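Protein chains in written order, with the working numbering: chain A, 1 to 452; chain B, 1 to 303; chain C, 1 to 301.
Among the hints, a few may not be true.
Lysine-lysine pairs mimicking DSS-like chemistry, simulated, CA-CA at most 30 Å apart [what the hints assert, rightly or not]:
1. C:K288 / A:K241
2. B:K120 / A:K63
3. A:K377 / A:K365
4. A:K451 / C:K75
5. C:K75 / A:K246
Covered by chain A, according to a simulated footprint, are these stretches of chain C (three or more residues, beta-carbon under 8 Å) [stated by the list, open to error]:
6. 24-33
7. 47-54
8. 154-163
9. 259-273
Honestly, the hints are just simulated from the structure, not real lab data.
This one's a predicted model, so the numbers in the text were calculated from it and none came from an experiment.
Note that the Cβ used here is the ideal one computed from N, Cα and C, for glycine as well.
Spelled out from the first residue to the last, the chains are:
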Amino acid sequence: MRKWLLVLATLGLIGVWGVAAEYIEITAWASGSPVDATRCTNLVAAAADLEKELKAEGAPVTKIEPTCQYTHVEDWAAYMRRFRLAFEAGQAPWIFAVGHEMIGELADAGLIVPLDEYYQKYWDKYGLGDIYPALIEACKYKGKLYGFPQDTEARPVYFRKDVLRKLGWSEEEIEALPQKVLAGEFTLDDMIAVAKEAVEKGLVEWGIYHRPSPGGYFHMMTVAFGGQLQDPETGKLVLDKAAILKNLEFHAKLVKEGVTPAAMTQTSWRSIHKAVVEGKVLFWFGGTWHWAEWQRVAYHSELGTLPEEYEWKNIGFMLVPPAEKGGKPVTQSHPFVYVITTQAADPELAFRLVALTAQPELVAKHAIGSGHLTIRKTNAPEYENWAFAKAVTYMLEYTSTIPNHARWSIYHRAVYDAIQAVETGAMTPEEALKWLEDKLTKELGDELIVKG
Amino acid sequence: MNRREERRYVAPTAFARWRRRLARTVPYLFLSLSCLPILSMYLWLFMSSLSSKVLFGFIPAEFTSRNWRFLWEPIQMGVTAHMSIWRATWNTLVFAFSVMLLVVLVATLAGFALARMQFKGRESIMRLIIVLHAFPGITLLIAIFYVLYFLTKATHIKFLDSLWGVALVKASLEIPWSAWIIKGFFDNIPWEVEWSAYIDGCNRFQAWYKVILPQLKPGIAAISIFSFLAGWGEFIYLYTFIFSEQNQTLSLLIKALIGEFRFTDYGLLAAVSLFYIFPVLVFFIFTQKGLMRVTVGGIKGGR
Amino acid sequence: MEPKRVWRRKRAIPFRIPPHVPFLLPFAFLVTLFFFIPVILNILLAFTDMDFAMRWNFVGLESYFRFFTDRIIPKVLLNTVIYVLATLAINVGFGLVLGILSTYYVPENVGLLFRAIWLLPRMTPPVVYALLWLWVLDPTEYGLLNMLIGQRVNWTMQHPLGVVILVNGMVGASFGMIIFSAAVKSIPRDYIMAAQVDGASNWGIVRRIIIPLLRWPLMFVTSWQTLSLLASYEYILLVTDGGPFYKSEVWSLYAYHTAFSHQLYGYGAAIAMILVVVAIIITLLMLKIFGFRRLMELVGG
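If we strip away everything but chain A, and leave its shape as in the complex, we get:
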């Protein structure tokens, strides 16, 4: 009959009731922040629904057993290596949850299966038309869909309201800050100036923090300076020299003005969160998920986890300010997706399980619990009533994503390296740009377009 029956159907749960049950083990790996475990638990929850469906269809299955390994990832390169080597060893899971930008690399290496067929087959059954098309589009690589959206988010800049108050800002001024950013009145330079003032007055230890490890942020800043990451027509990666130079100079300036530590890239996540929740840093280039993370992980040395009221009172969020007056602010979305590996014994079954995690209740559970945004147009009431989502959703109009390209990891890592070199003083922005251009032209060849 079906392939999975041959491979995995086995007699289990004999004994107590003396009933022979056929069960299928579906394996999965998921990863993310300390509060993203719903990427795993939602799969487990969806398995019960899938089981019911199968029974209703008359399939001889009484038990679906998902085993999902959740990893809190500090080092994505190490995590991808583990997946890669596990795959090579024939020990890959059926389902793998990753950032959408990994699709290119995974698909080109032949590790994941295209899902177009299943999308078509189950489009109506699971109401997939309710998922934001842009998110499905983010799963596309070379014309095929390889992933299923899991969540998305915006990456705001958080600011400490309490520090601004101490700087003499009125309550109205503080509340108006996100609007000023939207209007293009508050720029990155203004942000540095405010941060510097706060540092000089001894209100905070540091003015501006950004993430310490490779991540979308570093490319979001290229976009903030008017740069492009991928050529929309050819799909090739773009090295936008003018924008990247501005990006590098911005980070050099952060360190030079004393608002960001030169060792920013060598700080641990936990100590960054600790500093932010304790108000020792004024601005933090974060992500929506941090809002939930602070509520659920005890980073604050006295308060432990932050009550949401504390957050509303002391922490604000805004888009990334524009580079110039009158410019457009930006943010970034990083859709997380489930992909199905070629080692899945039954990709169709895996797809159905994954598609069932898109039910409004499960989406809401993950979104609220982990500070991510919905993938659906219609949502469960608890999501609709979630104040934080209401407050950040406008940001999605200013968002962009990072490219899906087979050599993205190389580009990604190299830009991070260049920024680290500039911040730690190993290179000037010009030297770093030159190094970057040399490295990328050599390693990406004609997959790279150098601009400017």
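Put chains B and C on the given structure of chain A with help from the hints.
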């Protein structure tokens, strides 16, 4: 000669005596000072594992058992938890014992042949052992992945992401050196002892098992302890070849914890580390002299 | 073994497994599996451009050409030279001082205690040893060094290579120490007594008698340590991970990062290959210079 005469007659002045005493204490002073950084590190480890706050690095201000709570509850990581310390400990034990058993078995067999039998190529094998011992196996990590991969394909036994598979690699790297050590112990057993076994009608395996092995105990103890500790402390091979959480050992768990709690919770890190190095300290205190004899080069890597 | 068969076929020479073979078989098997085959595989891998896709795509010498045009390589090579030489100086120099002081200048049991303390870092699992250093070098006021100088210095960022040298030196010195102290102890007591009778000072004895007799151990420790320092990266990976921006990246670590962080396995193998060749040359040179017998004595401690 003249100088000696002279010395004998000049009464040592207070200054000269003081100087000589100083000269005698300088080595002690130097040695103590040189040990100070090492001792202070371990002292810190001990002190901060017991207290929630340390003054000047060493003086515990408030004693607490909080840092040791990982013994009865998993270390929280947001809404999920790091793997249980006991699971990691069990994995580490399995790994270290596998390494030890393999090393002892294979090295003792090889050491016996090298010490007791005359055959063509014996000298070359000894040469080879020296070369292998010096050779940095760690540079071949990528290729070793493929060896384990092909082994898995050929036998359908999991060698990758398996403690047993990595133990095989680790043991192989330890074996040349251990065979060498144990050969030295064989050399010290008089031939007559072995002969008497043959006269009693033993074959070579029986002789090995009944007569020689008992006399080898100190040697076996030495390579057992060494290979056990080498397995216990192993990091890089496990870090590279273990993929799933349930196979993690203490070294991998601590590496993850350092990544997370560095700068923020040294108390926890110190307690977990102390827990981890406990067997090392025990062996260290009780088997110091023996260790010293076979230590050199016994563990390779960044030394 | 089976007399019947021998009777039947008169001309056939009875085949007997030589008695040493079963004893050496497991040893030979493992050595082949994890030393010889990996060397061959590594040679093959270095001729591929294997990346994330892990395909055995043979491209000849491309990876080696890449090695010579890689802009990071000069930096990595320079780091490696500085790291090896400076750590070597600590390992040999400090090992010599410790070895002589703890054997010649102080009573045996006292010397044993000091040597034992110095062995502690070597016995400690690398992750824990690295943690100890991370605390010593912590950039906040809680770091030991910062506590001592009363300033906030980010050591791993400002002096990454220095940190790496210190971290490895503290483990490495004990190697020289053990070898040298054993050598000092093996010097016949008469030599030293005779010198003492002649009125030689302690320093004179060390300089004129002990150090010249330590010539072979000195050469041995130097070459052996060069080899292991070239190949080692575990502590560096744990303490600075080669950063910031390759400031403490050494050759072997670069090979590891290239393969396992950037997932360029073919290129990583080529970088490692050059190291493997260097390692083989140094080992063979050692065999040649010291001669087999002396090397055996030296390795045996």
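Quick rundown of the hints versus the structure:
no., hint, result
1, C:K288 / A:K241, "55 Å, violated"
2, B:K120 / A:K63, "63 Å, violated"
3, A:K377 / A:K365, "15 Å, holds"
4, A:K451 / C:K75, "28 Å, holds"
5, C:K75 / A:K246, "26 Å, holds"
6, 24-33, "violated (count 0)"
7, 47-54, "holds (count 3)"
8, 154-163, "holds (count 3)"
9, 259-273, "holds (count 4)"
In summary, the numbered hints that this structure violates are 1, 2, 6.
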